[in-house]
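Engineer: Sequences and hints are given; from them, build the entire structure.
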Amino acid sequence: KQEVTQIPAALSVPEGENLVLNCSFTDSAIYNLQWFRQDPGKGLTSLLLIQSSQREQTSGRLNASLDKSSGRSTLYIAASQPGDSATYLCAVRNTDKLIFGTGTRLQVFP
Amino acid sequence: NAGVMQNPRHLVRRRGQEARLRCSPMKGHSHVYWYRQLPEEGLKFMVYLQKENIIDESGMPKERFSAEFPKEGPSILRIQQVVRGDSAAYFCASSPSPGETQYFGPGTRLLVL
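Listed in order, the protein sequences are those of chains R and U.
In terms of this note's numbering, the first sequence opens at residue 1 and continues consecutively.
In terms of this note's numbering, the second sequence opens at residue 1 and continues consecutively.
By construction, these hints were calculated from the structure, which means they are not laboratory data.
It is possible that some hints are incorrect.
As the list claims (entries may be wrong) - Computed far set for chain R versus chain U, every beta-carbon distance over 10 Å: (1) P8; (2) G16; (3) V20; (4) Q54; (5) R61; (6) K68; (7) S69; (8) P82; (9) D96; (10) G103; (11) V108.
Said to hold, decoys possible - With a straight-line cut-off of 30 Å between C-alpha atoms, the simulated DSSO-like cross-links for lysine-lysine are: (12) R:K1 to U:K71; (13) R:K1 to U:K27; (14) R:K1 to U:K44; (15) U:K71 to U:K27; (16) U:K51 to U:K71; (17) U:K71 to R:K42.
Idealized CB from N, CA, C, for every residue including glycine.
Structural biologist: Written out as structure tokens, the structure is:
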């Protein structure tokens with residue numbers, strides 16, 4: 001059974017820091033891995049999707065890497081801003097469904 | 001291109017009533033997924049549908065819950081005889097094909113009194 005874990009559960013940093021959020025999964029037989037952002041009381045915004053054959057994806061200040069063999073992904077946020085404050089979720093795709101981690105709650109203060 | 005739409009955004013029901021949650025996928029998307037987020041828990045998969053077909057309902061409780069995605073109109077998640085434990089945020093996502101990015105709607109927050 002696939003299990004997805006995210007570390008840390010919460011993170012509070014000053015503006016400008018570079019951040020690394022971690023995601024690990026127990027079954028390496030995945031189709032892809034997706035990182036999302038969730039703001040309080042809101043839906044999910046897709047940030048990056050990495051196919052199982054890829055090693056990383058980049059979008060602006062965000063970079064996500066995938067090491068399928070070790071069951072790990074990291075989301076790197078450069079030069080963090082208060083607007084980055086949200087819960088970050090990773091999800092792996094097994095067949096047709098996404099299996100989510102419990103998230104990292106990020107707070108960036110000015 | 002409008003995103004995934006869900007309505008209502010908030011729904012209050014008393015125990016024993018029925019709840020109907022609607023999801024309109026993005027234009028051109030024929031794959032719909034429902035997820036549930038219980039308070040202080042992660043999102044859990046419930047059901048995956050294509051037009052007129054349920055593909056995978058392995059995450060949906062066997063009783064009181066049903067889902068459909070008719071040829072015309074939105075996908076419906078129906079909860080009969082709601083109980084307090086059904087209180088949660090229900091999210092719908094859509095994709096153009098199974099391997100592509102899933103785009104999520106804003107969710108329906110169900111509160112059972």
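Engineer: Hint by hint, which ones does the structure fall short of?
Structural biologist: 9, 10, 12 and 13
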